[in-house]
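Going line by line, the protein sequences match chains Y and W. Residue 967 is where the first sequence starts when you use my numbering, and the numbers rise one by one after that. Residue 2 is where the second sequence starts when you use my numbering, and the numbers rise one by one after that.
Check each hint, because a few of them may be wrong.
[Said to hold, decoys possible] Examples of chain Y residues toward chain W, derived with CB under 7 Å:
1) V1065
2) A1077
3) I1087
4) V1127
It is worth saying that the hints were derived from the structure and are not from the lab. Where a beta carbon is used, it is the ideal one built from N, C-alpha and C, also for glycine.
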Amino acid sequence: MKKLLPLIILGALAVLPLVGLNTYIMHVIILAVMWTMAGIAWNLLGGYCGQVSFGHAAFFGMGAYTAGLLMHHFGISPWWGLVVSIPIVAVVSLLMGLVVLRLRGPYFVLATLAIGEVLRITCENLTPLTNGTLGIMITRTWVEKTPYYYIILALAALAFVAIRMIIASRWGYYFVAVREDQDAAESLGINTTLYKTIALAVSAVITGLAGAFYTTYMGYIDPQVVFSLGEISILIIMVVMVGGVATQWGPAVGAVIMVLLAEVIRSIPRLGTAYQTLFGILLIVIIIYLPNGLVGDFHKIRRIFRKGAA
Amino acid sequence: MWVQVEVFMQTLVAGILLGGLYALIGIGMTLILGVMKIINLTHGQLMMVAMYIAFWMFELFHIDPYLSLFIAPPLLFVLGVGLQKYLVNPVLKVESILPHNQVILTVGIGLVLQNLATIFFTSDYRSTPVDYASSAWYLSDLWAGTPVEISLSLPWTVSFCLSVSITLLLWFFLAKTDTGKSIRATAQDKDAAMLMGVNVSRMQVITFGLGAALVACAGCLFLPIYYLFPALGSQFTLIAFVITILGGMGSTIGAILGGLILGVFESMTATYVGMGWAPVGRFAIFVAALVFLPGGVASLLKSKKLTK
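Just chain Y, with the same shape it has in the complex (with noise of 0.2 Å):
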């Protein structure tokens, strides 16, 4: 029963349009898809291999970006910007790497939070190839929404074989290591630069993938969306830790609360533009109170119902 969940979730997932749902609850639940995705690619780094990135935005923005110059510049299919985007963005995760992995800890964080400010700052200037602050506009391939949700919930189910693949092969073992301790990795022969580099490299493709997702989704895009640090970076982070970090099935959990919970709270009038306050105190009362989230933090959570019950 445990082995074929995900299948059942899967199959259960695949047959969700043919209930007749409306276009804006598929637009939900396509965000709160693409969201698994980058929270899985996120929990790679992060949560197995402990390099907490505040910059995951450079990925996803550079994902989206290669989408959109292809058709800005070029003419050619956004949807080429998912193939074309792996290469570019795994070069530059490369690059990225040679600086930022050698830094631990708070270094770590705070030199990805300033690449993916870089990487927004450049594009905002870089007028010529990048239409600057206006953003690229491309038209959609089709107007309903079914298309797009079969091609994200393909993208999100290979990510997440692809990283339960790895975290259950010796590379997982590894990266659990490196982020327990990683003088004792090192010292037990563990290559952590190497692996650390293989994190990182993983992480920045599945997220530059979902990047590109969203400019052919969204048909729009700017620096101040795809670059942002509040809406992009934080908040892969907020999916992964309210869902529970180094879990396989947080970031799912934790993007499905995220979305909703970013639409329930915007449609209440008033309340709507509080949405961020609420954001950030969920996260305090996370942090404080469950820190390894809903999901890793299971038990605590029914063993509260519990006695509650009692």
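Since the structure of chain Y is already known, use the hints to place chain W on it.
Chain W only, in chain Y's frame:
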């Protein structure tokens, strides 16, 4: 030729004036970092809160932003103490997989502060219409035969001088008073300080408050020369940690030098590369410092035996 020298000198002086204010922001951050060993990613947001306090003081009671130096920093001290006591301290005790929970926590606090400011004060850009805002003085006023003419904005100069005096006061506090010495001891070695009878947890609370009060001072000094909007906080948080890295984590002198370097560098990028690129220059220097000089300016000073 002379024109180019003049432009260069003007840029340099503007950079130093800016750097003096940056230093004040950096010192607050570096104090917290030194004592608490956590990065306060809500530093800029605290400054934003202080600026709004000063702004409303001016708007409602016509209190000059410089006089708000006596109002905003004490309030921010209280806010900082509260944050440290009720949010940061509990998190330091929680066991979790990720070691950087406190950093993420400060991000959350920053998010809340910024968003609350947007709700209460709207995201309009505001500035304080002080009547001396655009007055300036010239180098030729002081030195008639000067070969290069430099003009200096009056509020910039006043802010710079006040910033220097606040820094001197802080130095006096840290070097001469008992509390200051205890703070420095806690930063150097927490356990040893505790064994020597220093109330470490109290010092941590005071330090957080002090850091917040310092950045509040910077906010009051920035208000007459800068505009104000809720998202300004994140920008200054970034500046604060660039300075901290540049100067060397936890080093006060490093923070001052780092602030000056950053100010000059930004002002140079703005003049010679382009206004919009100034932030990129900021991060370029940051990444360069991380890679080539991970200990910051402080480590250079130490290796050259310039400080004890």
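The hints, checked one at a time:
The criterion of a C-beta within 7 Å of any C-beta in chain W is met by V1065/Y, whose closest approach is roughly 6 Å, and the hint holds. The beta carbon of A1077/Y comes within 6 Å of a beta carbon in chain W, closer than 7 Å, and the hint placing it at the interface holds. Using the Cβ-Cβ criterion of 7 Å, the hint placing I1087/Y at the interface with chain W is satisfied: the shortest such distance is roughly 5 Å. Interface hint status for V1127/Y: violated, as the beta-carbon distance to the closest one in chain W is roughly 23 Å, over 7 Å.
Hint check: a violation occurs at hint 4 only; the rest are consistent with the structure.
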